[in-house]
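Participant: Each chain, written out:
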Amino acid sequence: MEVFWIKAIIVLVIFGLSLVVAMYSTWAERKVAGYMQDRPGPNRAGWGGLLQPLADAGKMFFKEDFIPLQANKWLFIAGPCLAMLTALMSSSVVPFGDTIKIGEHEIQVQGIEVNIGILWVFGVVSLGVYGVMVGGWASNNKFSLLGAIRAASQNISYELAMGLSLIAIIMLTGSLSVRDIVLSQHGAAWNLFYQPLGFIIFLVCAFAECNRTPFDLPECEAELVGGYHTEYSSMKLGFYLFAEYINMFVSSCVISALYFGGFNYPFMDKVAEALGSDATGHNIATAIGFGVFFAKALFFVFFFMWVRWTLPRFRYDQLMNLGWKNLIPLAILNVITTGIGILLDIRWFSWVAMIAIVIIAVAQSAMKPKSARGILEAAPSR
Amino acid sequence: MSEEVSNITPREPGNVMGPQVGNLALKNGVPTVSEDGRELTTLNLGPTHPATHGIFQNILQMDGEKIVSGTPTIGYIHRAFEKIAERRPLYQITTLTDRMNYCSSPINNMGWHMTVEKLLGIEVPKRAQYIRVIMMELARIADHLICNSILGVDSGAFTGFLYVMQKREEIYEIYEEMCGARLTTNMGRFGGMERDLSNEAIRKTREFIRTFPAVMQEFEKMLNRNRIFIDRTVGVGPVSQEMALQYGFTGPNLRAAGIDYDMRVMSPYSSYEDFDFDIPVGYTGDTYDRYMVRNGEIWESFKIVQQALENLPEGPFHADAPEFYLPPKQEVYRNMEALIYHFKIVMGEIPIPVGEVYHSVEGGNGELGFHLISDGGRSPYRLKMRRPCYIFYQAYPEMCKGVTLSDAIIILSSMNVIAGELDA
Numbered sequence: 001m002e003v004f005w006i007k008a009i010i011v012l013v014i015f016g017l018s019l020v021v022a023m024y025s026t027w028a029e030r031k032v033a034g035y036m037q038d039r040p041g042p043n044r045a046g047w048g049g050l051l052q053p054l055a056d057a058g059k060m061f062f063k064e065d066f067i068p069l070q071a072n073k074w075l076f077i078a079g080p081c082l083a084m085l086t087a088l089m090s091s092s093v094v095p096f097g098d099t100i101k102i103g104e105h106e107i108q109v110q111g112i113e114v115n116i117g118i119l120w121v122f123g124v125v126s127l128g129v130y131g132v133m134v135g136g137w138a139s140n141n142k143f144s145l146l147g148a149i150r151a152a153s154q155n156i157s158y159e160l161a162m163g164l165s166l167i168a169i170i171m172l173t174g175s176l177s178v179r180d181i182v183l184s185q186h187g188a189a190w191n192l193f194y195q196p197l198g199f200i201i202f203l204v205c206a207f208a209e210c211n212r213t214p215f216d217l218p219e220c221e222a223e224l225v226g227g228y229h230t231e232y233s234s235m236k237l238g239f240y241l242f243a244e245y246i247n248m249f250v251s252s253c254v255i256s257a258l259y260f261g262g263f264n265y266p267f268m269d270k271v272a273e274a275l276g277s278d279a280t281g282h283n284i285a286t287a288i289g290f291g292v293f294f295a296k297a298l299f300f301v302f303f304f305m306w307v308r309w310t311l312p313r314f315r316y317d318q319l320m321n322l323g324w325k326n327l328i329p330l331a332i333l334n335v336i337t338t339g340i341g342i343l344l345d346i347r348w349f350s351w352v353a354m355i356a357i358v359i360i361a362v363a364q365s366a367m368k369p370k371s372a373r374g375i376l377e378a379a380p381s382r
Numbered sequence: 001m002s003e004e005v006s007n008i009t010p011r012e013p014g015n016v017m018g019p020q021v022g023n024l025a026l027k028n029g030v031p032t033v034s035e036d037g038r039e040l041t042t043l044n045l046g047p048t049h050p051a052t053h054g055i056f057q058n059i060l061q062m063d064g065e066k067i068v069s070g071t072p073t074i075g076y077i078h079r080a081f082e083k084i085a086e087r088r089p090l091y092q093i094t095t096l097t098d099r100m101n102y103c104s105s106p107i108n109n110m111g112w113h114m115t116v117e118k119l120l121g122i123e124v125p126k127r128a129q130y131i132r133v134i135m136m137e138l139a140r141i142a143d144h145l146i147c148n149s150i151l152g153v154d155s156g157a158f159t160g161f162l163y164v165m166q167k168r169e170e171i172y173e174i175y176e177e178m179c180g181a182r183l184t185t186n187m188g189r190f191g192g193m194e195r196d197l198s199n200e201a202i203r204k205t206r207e208f209i210r211t212f213p214a215v216m217q218e219f220e221k222m223l224n225r226n227r228i229f230i231d232r233t234v235g236v237g238p239v240s241q242e243m244a245l246q247y248g249f250t251g252p253n254l255r256a257a258g259i260d261y262d263m264r265v266m267s268p269y270s271s272y273e274d275f276d277f278d279i280p281v282g283y284t285g286d287t288y289d290r291y292m293v294r295n296g297e298i299w300e301s302f303k304i305v306q307q308a309l310e311n312l313p314e315g316p317f318h319a320d321a322p323e324f325y326l327p328p329k330q331e332v333y334r335n336m337e338a339l340i341y342h343f344k345i346v347m348g349e350i351p352i353p354v355g356e357v358y359h360s361v362e363g364g365n366g367e368l369g370f371h372l373i374s375d376g377g378r379s380p381y382r383l384k385m386r387r388p389c390y391i392f393y394q395a396y397p398e399m400c401k402g403v404t405l406s407d408a409i410i411i412l413s414s415m416n417v418i419a420g421e422l423d424a
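Chain order of the listed sequences is Y and D. The numbers in the first sequence follow this note's numbering, run straight up by one, and end at 382. The numbers in the second sequence follow this note's numbering, run straight up by one, and end at 424.
None of these hints come from the bench; they were simulated from the model. Just so it is clear, CB atoms sit at the ideal spot from N, CA and C, and this is done for glycine as well. Don't take every hint at face value.
[Said to hold, decoys possible] Quick list of simulated restraints, FRET-style, between CB atoms:
| no. | chain 1 | residue 1 | chain 2 | residue 2 | range |
| --- | --- | --- | --- | --- | --- |
| 1 | D | R225 | Y | L160 | 46 to 56 Å |
| 2 | D | E310 | Y | D38 | 22 to 32 Å |
| 3 | Y | F61 | D | R382 | 52 to 62 Å |
Use the sequences and the hints to build the structure in full.
Facilitator: Written out as structure tokens, the structure reads:
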């Protein structure tokens with residue numbers, strides 16, 4: 001019974017943390033954008049604008065909750081609910097930390113440990129597109145529908161490459177459990193160092209799955225007004241936006257767990273030794289690991305924002321080309337080289353693929369003219 | 001083929017079916033079915049769409065993401081400037097020209113002033129001409145900065161927009177020094193400028209010259225060689241030289257197609273022959289070329305501003321044209337003649353000499369012409385404004401045929417169609 005309560009508290013803390021992080025991601029996004037664009041960002045509500053998310057939430061609740069006359073009412077309501085539900089479900093298998101010792105119990109800092117954890121994440125994230133599709137279709141608006149179609153095809157295409165890049169990790173680890181994958185990267189033996197190509201593919205696909213720039217086609221304002229949430233207002237819109245930020249945080253967590261060692265950090269054994277092996281020392285070591293995990297995850301949240309305010313977005317067909325013609329073959333190549341590496345018992349063997357690709361890319365760009373068109377150099381003067 | 005067509009285009013009673021062109025069934029000249037028989041979607045792009053940057057509508061027939069045909073509707077902000085001008089004394093028409101291309105209103109003002117000066121035969125002093133050149137080139141920089149950075153925004157890169165927006169703000173502050181206004185400037189008077197280039201304005205212009213290149217280079221670094229941006233723009237919406245000439249393109253959109261036609265060089269006005277500058281031209285007239293030509297023109301305008309400020313001649317800043325140039329206020333209160341001229345000018349009771357002139361300047365978007373016919377009354381008999389946007393926009397349906405929705409948006413923003421100038 002004691003275990004149940006401790007677990008319940010951990011679940012609640014993780015749930016609350018992902019909500020708070022998502023909430024402050026909206027603030028951080030605007031601050032990051034502000035610093036990048038040479039302007040202050042939100043700075044009126046609270047110190048440094050820290051109360052801005054609360055003010056926004058308050059505003060969202062007091063807006064008119066409008067349902068278009070021609071919309072399918074129930075699906076229109078179900079859309080944001082689905083998006084929010086799936087976003088919140090996906091964080092449950094992420095191992096935020098090692099174990100904590102209370103009395104004779106040793107409890108994992110994780111919502112739920114399942115031995116197919118990574119499949120759970122994938123399944124739930126795939127379900128997430130239903131929220132967008134249902135909402136976009138039910139709005140009975142052509143811009144929404146276009147946004148929903150874009151979201152659906154984009155998520156399906158990029159999930160393939162994402163799954164393939166994961167297969168290489170599963171081959172290395174021999175387990176589908178996220179905790180096992182994290183534990184296998186003990187110390188500084190992070191998967192990043194054995195799976196560079198897989199990491200890049202996974203990162204690109206994570207951007208596409210989260211609908212972030214440069215893959216924010218489902219909601220790009222310039223083309224589709226608001227994309228799939230054109231017709232949404234009030235907290236329904238808030239749910240969509242919020243779900244997007246939760247997805248971003250969960251993606252960052254998954255990236256740091258799969259490729260950056262999760263709660264592992266260099267010299268963690270020495271730190272654990274210094275703290276002693278009794279319950280208190282172990283719990284402190286876990287807390288440090290928890291902090292390390294969060295630092296990694298938040299760095300990736302920042303990375304998402306950094307890219308968003310730097311790059312333009314793809315066109316729809318270019319996005320599909322990148323997914324199907326570039327990322328999937330690369331992911332297959334990565335799986336093959338990893339397999340060869342396992343066969344030869346060389347863990348870093350997929351660097352071969354990475355280096356080969358870098359050489360090809362450099363050679364290609366060296367053969368191209370320096371300027372995109374040499375337009376000004378060749379322009380005749382008057 | 002004809003059997004297929006009859007299968008896929010059931011005639012609805014009461015619908016007027018137009019002629020069938022190829023495999024496309026037309027309804028009022030607009031296809032309703034795609035080439036392989038799928039029903040097309042009608043999408044209203046505008047009148048209030050975030051990417052149109054103004055009010056005009058495009059009714060698109062879409063096959064999925066692809067645009068099969070587009071029908072533009074203009075006139076949402078038509079304010080009948082040409083008709084209003086027939087009722088107004090000349091100096092009141094300046095405020096109408098502000099509201100055409102509001103991204104570069106000083107150029108419109110100066111173009112109108114020069115037209116009237118041509119009719120009246122007023123010789124403008126050199127200093128006034130140089131001040132006009134400075135203001136016009138600053139306006140061109142502002143106009144092109146907006147166009148190019150909005151192209152970035154429409155393709156998803158927002159940050160560059162805010163970088164250059166600060167520099168446009170500085171240009172607007174220079175306007176403020178010159179005329180007190182920022183957007184609708186109403187700058188200058190017939191015969192010269194309303195006020196001299198003040199020390200503060202010179203200081204601000206020098207400050208702008210000092211700080212601008214770094215910001216512009218940063219902006220270019222963000223987009224010029226950005227792989228995604230190049231993929232989005234190269235080969236999108238190309239305009240061949242023939243097509244550009246047939247539609248009557250001028251300005252950066254024509255020069256992007258490779259024709260070095262520039263009013264500043266072809267028929268120099270306001271001492272443009274004194275300055276050393278190049279005309280950037282493109283190769284294929286696609287969106288990337290239009291972007292690069294505008295970037296190049298920003299640098300050339302920057303050169304002109306530098307030269308004009310360095311070689312600014314001394315002398316009066318307006319011509320001696322008492323019938324059309326408002327006398328200073330001290331004179332009005334002390335001098336009988338000045339009071340009479342002041343009264344007559346403000347009331348618009350000065351008859352214009354009979355005549356017909358056409359004058360055109362290189363506006364932000366191309367050849368901005370004013371065709372003024374006077375029958376000797378207090379206001380023009382007829383004023384025709386050649387507005388370049390009105391001419392570009394006619395090519396838009398042809399340019400956006402067969403491209404995706406995303407491309408159509410950036411073609412529109414790279415052409416710099418400004419609703420105020422389009423509708424006038």
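Participant: Against this structure, judge whether each hint is valid.
Facilitator: Verification of the hints:
no., hint, in the structure
1, D:R225 <-> Y:L160: 46 to 56 Å, "violated (31 Å)"
2, D:E310 <-> Y:D38: 22 to 32 Å, "holds (30 Å)"
3, Y:F61 <-> D:R382: 52 to 62 Å, "holds (59 Å)"
When each numbered hint is compared with the structure, a violation occurs for hint 1 only.
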